[in-house]
Each structure stands twice: as C-alpha cells, then as structure tokens.
Amino acid sequence: MRKLYIFLGLLVAASMVLSACGPAATPTPETIVQTVIVEGTPQVKIVEVTPTPAKQAKPAVLRVNVGTYPDIIDPQKSSFVIEIATLKMIYQGLTELNEKLETVPGAAESWKFNQDATQLVFTLKKDLKYSDGSLLNAKRFEFAFLRNIDPTTGGEYASITDEILNAPEWRAADPNAADYNRDEWVKKVGVKASHADGSDCTGYDDAACDTLTLTFSKPAPYFATVAGLWVGYPAKEENIAEGGELWWNSSKYQIGNGPFILKTVEPFVRQYFVPNPNFRGAGIPTYDLEYLYITDSAVAFEAYKNNELDVIASAAEDLDAINADPNLTAQHVQYAGSCTIKIQFSLQPTWNGMPNPFTDKKVREAFALAFDAEGWVKDVDGSLSLPTWTWIPPGYPGYDPESPLRFDPEAARAALAAASEPFNSAEKLNAMGLKLTFGDTPRNRQRTEWLVANYKKHLGVELILDPVDTTTYTALQKDPNTFPLLSRGGWCADYPDPQNWLSVYWRSDTTFASRPGYKNEEFDRLVNEADVTLDPAKRMELYKKAQQILLNDIPAAFGYNTLNHYLVKPWVKGYKTTPQDAVFPGDVLPWTITIDTSMIP
Amino acid sequence: MTTYLIRRLLWLIPVILVVGAVTFILMHNTPGGPWDTDAERRQVDESTRKSLEAFYGLDKPLWRQFLAYMIGDWNNKGEFVCGLPCGNFGPSYRQRGVPVEAILFRPPEDENGNLKPWYYSRFGYSLRLGILALVIAMGVGIPIGTIAALKQNTWIDYLSLLIATAGISVPSFVIAIFLIIIFASGLQWISVIPRSWDSPSVWILPAIVLGFGTLAFTARLMRTSMLEVLRMDYVRTARAKGLAERTVVTVHMIKNALIPVITILGPSLAGLVTGSFIIETMFAFPGMGRAYVQAISQRDYSMIMGTTLIYAILVALANLSVDFIYVLVDPRIRLEE
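Respectively, the protein sequence lines represent chains D and R.
Counting in the numbering used here, the first sequence runs from 1 upward without gaps.
Counting in the numbering used here, the second sequence runs from 1 upward without gaps.
Bound conformation, chain D alone (with noise of 0.2 Å):
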C-alpha cells in the first residue's frame, strides 16, 4: 500500500511541477545604483528594493480574435484569408488598395504599362527599408515573383501570376528531369529588377536597383492590382534558406516591410505585432497588434464581454444577445463582404444516368426565381448576409444591381410549366429523386434544409438531402462526372476587378465553369476582349454586357453576398472598412486605425 502511496504522490507532485514550469510573474528583487546626498557630498551606494507595481495607462493593443491557426505564413505558399492576414501585416507589396478598392502605390512609387499593357514597369520608392533596417530594393520583388512561379515552391496561387511571360510553362516544367535547368527558366521568365536605366542590378545591397519590369504573354491592365497581392511580398531570400521548413513560424526570420513587425509567435495561441517605424504607407500604425485564435465563437463572444478582446466576429447564435443589449447593438459593425454565394446548378448532359434537368434553361429560370434570398437572409444567417440577384457584388468594380432575376414564385411556377418534357413539373422533377448535396456540418445542415424547404414551398420540388464529408464535397466537384446536380458554393474576391469575377470564373475554360459544364462563347468573346482592353471605360463596358449574358443564362441561383460582421471595441476609432477586409474592420488600411487608451477600464 505504502508503494502505491508514493505512486501517487510521485504523481501529483509531477503533475503539479509540470504544469507549473515556467517562468515566475512575481516581482523579483532587483539591484539599483541610488544616489544619496549626505550633508552637501554626493554619495553612490548599492540597496536592493523590490518595485511596487505602479498603475500604469493602459498600453495600446488592438486584440482581434483571428479564429482558426494558419496552416502556414509563407507569401509564396499561402492561401487562406487568415494566412493573408498575417502576411498583410508583415509585408507591403508594390501596390496597395485604398478605401475605394483604387490600387495605390504601395512600395512602388508608380508603374506604367507600354502602349499594348504587355509590360508594366514598376519604380520603387526610394529608400525603401526592412523593418530591420536593411535595404529593400527591386531584387527582392524579382525573387518574390520568380518564387511564386518555380516548380519547387508549389504556392496554391501559383497560377494567380501566369500572365507573366513564360510563368505557366515554368511552372509545369519538371525540376527532377534531367534537362530542367533553373537558371535557364528564370532568363525566359518576365520578371526582372534593373537600374532605372535598364542595367542589372548586383544583388541585395545594390541601393539603385528600384526597377521591375514585369512582361506578359497577353495584355494584362489589370496586372498592377494583382502584383499588390501577397504572392508578390517581399521575404528575404536568405531568411527562408536559413529557416528551413519553419522559417515562417518564427519572428526572427519573419522581417517584413509592412505596417508591423511581427514579435512574438505563439502557435495556436497568439500572434503580437508592433509598429514598424520603418513602413513606408499611408502612415505608421500607432498601436500593437495581437492576433488570438479562439475558434469558439461563444468563448469568443464571452472574452470579448469580458474586455479580453477589442474585436470578434459576431456569430449568428449571439445575435439575440447582441440585439438585447444596446450597448453591444452599438459596437455591432456590419457592411459588405467579398463573396457572392449561389446555388450551383450542374449543366452537364446527364446527371445519374438520367437526362439532366437542369440544361433545361426554364427549369434554371424556376430554380432561381424560386429561391428566397431575402428569407434566407433573413432565417438562415439572422440578417449577416445581404440578398443579390446578380454575381460581383456590391463595393467592388463591376457591381450591376441589375438582373433580371429576382424572387417571384409564381413566375417560377409559370417558368416550371413552360420547361420542355419531362421537366415541367414539380411531380415529374420530384420522380427524378432531384438531389442537393452539401459538406455535411451542422450549420450546412441548417442551411440546406432550409433550401429544401424553400423549393417545396414555392415550386412544390422537393429535394433530397445529399450529405457528404466536406472534404468529399469538394472532391466531387472537382469533376465533370460527379459534379452534384445542386450544391451552394460561390466566390470571393482576390482582387477588386471585374476580371477576378468574370474571366477567372465563368470563363468556359477555367475549372469553375467548366466542371458544372457553363459555356457562352459571346460570353467568353467579351471578357477575352475586356481582359486585354487599355481604356477603363470600354472594358467597364464589355464587363458589364458580360454580366448580363451570364445572368441571363442562369448557370446558377444567385443567392446573397458575405457581410463583414464585426463587434468592435469603443476606444478602437478611426477604422476605414472595405469589403475586402478580412479579420477586422480596415485592415485594408490599418494605419488608420487608433486605440483610445482612456477609454479602456
């Protein structure tokens, strides 16, 4: 028995000593040099105090609860929002978005295309610096870019930058083949830092290197936007090759250019960011930063109660919460997103061995006249979400409110009727065993019995629900063959313009549309057309009738757009919002923002 004793007492004594490592936070005695006046004659004598803890003014942190811990923070290897979250903080790229979504100069000075917009010659500002001091010049873009294209690399937005000259042939070249040469592919590639007046620049510490010449395979006016993205983000070269694997995970090798420095990295915990006094924006920030990834929304929403945090994203369960207290109604931040959801019909000829319904342009019709979208709003994401019946959305360039599809039931009946044989009708659909399939969560559970509910109520079809593994979702719609006959999905923007809304997506040969099977080729005509048109106006123009064809087509049920939902802190002020703000509102522009200290309690 006395074994056993011991045993645990072993045990609870581990246990403790285990959880308790680390270091103290009580004060500790410290040794001063004071100096004392003894009758007129200065003398210097050593005591030890221990500091009273003095009440100091609140320090000035804008603590904003992120969610879910980046998988990785590499310029050239991310994707997620909150990966570009962290980089946009550490890093600035040539160019930056202003509170119109107008690309600005960010480290360049200005940019300029030749007269067909198949080479944009960018001019850095001068003086440009790390924030540790050392010299950023045009070289380093030169390495970012070519980065992102490299095989090796391997970045999921590789394919964003292939417009550059020889970008998507470099990329699918095989490094391991015995005639893959690297040196070779980057002298073909379109991406190369000069002087200004054309020579090659030495290397990293050259101080006149403040050129980058980018050169397209086609013309590419709306390159200056994309080289702002964070592909294109500066990290140095020889951090990344000291770093390994993990250089990432780590502030030390972390040395950016943008608005902050990034400080401390405590994985899955915290990300704290200071002011970077060597940012070369709109402005210095004034304040830290501190990232915090609490993936519950209601721990979130009680730390936010509890004035641990500055901003959350408000969740649609504390809704009721926030609406029966007027003080969190006034912090309660709400204003248009990046995304436009939809409900994705398959185009493809045959859907389970059976003639698809769905290529049946009046069947289209019924199904988006059908949906509900301000009732979806209304029930579904408790007013967090805007309706739409047209796809770029608002804010963005290329927003068109008009369509002419919008919420009609009866229409949608008459449209049913009128659908070719053996689609006309709700009974004949419903012998179909019509099928909408989704990634099987609870929320998604939610939405799509709701969307059951709503084709039932006003077009008497009534669909089965199809769950899956997410993961299995997405595999599905991966391929033309098993594309899911009704699924919701949708887009977000990477960049404000049409050309992100329109040729990246519904182009007939982009993944998007080819794997529902969507193809119009006046449609394709157009947005090739505007892709490479020079004057803004016209290729506003030959945007906007591209919408129009796509809208007209119905490929899919244009439901409602994201809404930026934020409960925000009093003292934080002076916040600039844009819809494509990610974690918390104006980060687009965090500059701008300022932490009234005197408010904090």
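Calculated directly from the structure, the hints in this document are not laboratory data.
The model shown is predicted, which means the values in this text are computed figures rather than measured ones.
Even for Gly, the Cβ is constructed at its ideal location relative to N, Cα and C.
Just to be clear, a hint being listed does not mean it is correct.
Derived lysine-lysine pairs resembling DSSO-like cross-links, with alpha carbons at most 30 Å apart [as the list claims (entries may be wrong)]:
1. D/Lys456 with D/Lys362
2. D/Lys218 with R/Lys50
3. D/Lys545 with D/Lys100
4. D/Lys538 with D/Lys100
5. R/Lys77 with D/Lys188
6. D/Lys478 with D/Lys456
7. D/Lys58 with R/Lys116
8. D/Lys435 with D/Lys457
9. D/Lys519 with D/Lys361
10. D/Lys263 with D/Lys573
11. D/Lys305 with D/Lys573
12. D/Lys544 with D/Lys218
13. R/Lys116 with D/Lys478
14. D/Lys478 with R/Lys50
15. D/Lys428 with D/Lys361
16. R/Lys116 with D/Lys263
17. D/Lys187 with R/Lys116
18. D/Lys252 with R/Lys60
19. D/Lys218 with D/Lys519
20. D/Lys218 with D/Lys100
21. D/Lys188 with R/Lys50
22. R/Lys50 with D/Lys519
23. D/Lys263 with D/Lys457
24. D/Lys100 with D/Lys428
25. R/Lys50 with D/Lys187
Computed footprint of chain R on chain D, listed as stretches where at least three residues anywhere in the stretch have a Cβ under 8 Å from a Cβ of chain R [unchecked claim]:
26. 149–155
27. 172–182
28. 232–243
29. 295–303
30. 306–319
31. 384–396
32. 406–413
Starting from the known structure of chain D, fit chain R onto it as the hints suggest.
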C-alpha cells in the same frame, strides 16, 4: 522482469504495423486529398498539383508510399530517406513540408529566437494537461467512489451518483462554457482567454473539464468495486480481529478495490494525454488534439499517420505501465507469469 519488458516492447512493432496499415488504407480510400480546397476559393491548378504530388511522393503507387512511410524509400536524388524507424513521421502537406515530429514535439521560439523547453511543444502541453487531468480524476474520483460505497444509499451516495451521471452524460463543451461563464465572466477569478500558460491557475479549468468524464467513471467503478470488496470474507475477518475501521478500509478494502480502477488507468492516461479537440478549442489550448482533427479534415496524410501512430504507441505504453502498477498493488501478480 527485463525479459517481459523486452517482449512487450517487441510486440509494439506488429501493433504499429497493423495500426499504420489500417490508417493508411482508410485515409487513402476516403475521397479528397491534401490540396483540395473548398469550392469558394481558387483551386490548385493541375501543374501545381502534379509538382506537389511529385515532391511529396504522392505520385508513387500506394504500396510504395506505405513502405516509404513505415520503412523508408529512395528520393528523387537517389538518396535513401529513412522512415518511421528513424523517427521520421513524414512531412505535413498542409504545412508544406514541416516534419510532423517538428509540429508535435518541437517547442516554439521565445522572443530572442531561441527554442523554449520541450514541454512547450504541443505534445508537452498535452502531456502536462493530461497528467493534471488524470490526477484530478483519480484524486477526486477514488475518494468519492469510496465514500459513496461506505455510505451506501445515503445522500452522499446519491450525490456521488449525481456527479458521476453528470460527468458521463453532460458533454465537455457544455461543462467548459458553464465554467467559463461562472469563473471568468461572472466571478472574474480567471480570464476567459489564458494570457499565459506559464501561470498554474489557467490550467485548472481545462484540466477539470478534461478529467471530469474520467473522474465520474472512476467514481462509479470505485464504488462498485468497494461494494464488492465490502462483502468479502477477509474484510469480515479483519473486522472480527478487532482492527480499527480506518485500517480495514484503507489497508484491506481500498487496496483490493483499486485493481479495476488501475485497469482503466492506462487507457485513461493515454486518452487524456493525447488531448481533446473540444478542450483545446474551448480554451485555445495549444495541444495535439486540434492538429489531429484538422489533419483528418484536410487529408494531411503524414500528419494523420504520425498522430495515429503516436496515439497507438502511447496507449500501448500506458497499458504496459499499468501492468507494472498491478505488481505494486497486488503482490500476487508476477509479470514473469
């Protein structure tokens, strides 16, 4: 004893092989892959996908991928890369090549870029929390079960039944949010978000929540076991000899009643140490559980294999240690037999 230990450790090899094979087959037969992104995002294009698959060896036949993981394989440069026997759990695909062992066992850096001690790793955090939870579960569960048995059918017994039922039936996320609301939002004794895991006080709530289920189960098991022992002849004999009731209970009853509890000690310890997705999500705890669940949903094959095998090894080692504890408790048991 040494022979027994070696024999048991050697048995780990076929266990790991079988667990590895089953996990490998299951994960590769589930649709989707590590570079599948949801439909609302730009998709990984074919050439990038091919180069990633070639880089990570996913373009090789499945049997070769399995052998490469479990034993080793030659890479594109013709060099032999040793697998699991060399402690190589493979690269995480979602974290783009970061070794799984680094994700689980490498501590983060401090402000000066130096590595913190090992117990700041994800495994270290989970181990510390698991041990603390086990201590709470055993330290509270055993006395509750004992007292409930000794005071059978009294209000103490019913109270212990209530605790046990609550511990087993109430989900841990409900207990967690209740405790957070009471102690953090209400009484403000602790903060909702732990500012630093260096402070011992922030460990208490997650450890209680994590250990509550085990505590309840232990209490019920201990009560049942004690009731059985209570009616044994040797207990009656001890009392007839005139021993003090305290001696009877502590020396003759509890010691014998503990054997079933010790049986569950191994799996409980392994289960608690390997962490809990719910606890880590609720308390923003930097342990292993979240990494495991995320790896499954992201089809991060090496990470799934690595964490599953580590769990398997932990369970096997915990069960082995229980066998040794049996000897401490019951001198009749000999490991050599």
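Would you check the hint for D/Lys218 and R/Lys50, treating anything up to 30 Å between C-alpha atoms as holding?
25 Å, holds
Under a C-beta cut-off of less than 8 Å, do 3 or more residues of the stretch 232–243 of chain D approach chain R closely enough to confirm the stated coverage?
With 0 residues closer than 8 Å to chain R, the stretch 232–243 of chain D misses the three-residue bar; violated.
30 Å Cα cutoff - pair D/Lys538, D/Lys100
Holds: D/Lys538 and D/Lys100 sit about 20 Å apart, inside 30 Å.
Within a Cα-Cα threshold of 30 Å, do D/Lys428 and D/Lys361 meet the stated pairing?
16 Å, holds
Within 30 Å, alpha carbon to alpha carbon, are R/Lys116 and D/Lys478?
43 Å, violated
Would you say the stretch 172–182 of chain D counts as covered by chain R, given the rule of at least 3 residues with C-beta under 8 Å?
Holds, because 4 residues of the stretch 172–182 of chain D bring their Cβ atoms closer than 8 Å to Cβ atoms of chain R.
With the threshold set at 30 Å, check whether the alpha-carbon distance from D/Lys218 to D/Lys100 stays at or below it.
Holds: D/Lys218 and D/Lys100 sit about 28 Å apart, inside 30 Å.
When you check the alpha-carbon spacing of D/Lys263 and D/Lys457, does it fall within 30 Å?
Not OK: D/Lys263 and D/Lys457 at ~55 Å, beyond 30 Å, violated.
Okay, the stretch 406–413 of chain D and chain R, do three or more residues pass the C-beta test at under 8 Å?
violated (count 0)
Is the hinted pair D/Lys456 and D/Lys362 satisfied, with a Cα-Cα distance of at most 30 Å?
18 Å, holds
Below or equal to 30 Å on CA atoms is what counts here, so check R/Lys116 against D/Lys263.
16 Å, holds
Between the alpha carbons of D/Lys187 and R/Lys116, is the straight-line distance 30 Å or under?
43 Å, violated
Of the numbered hints given earlier, the model fails hints 13, 17, 18, 23, 24, 28, 31 and 32; all others are met.
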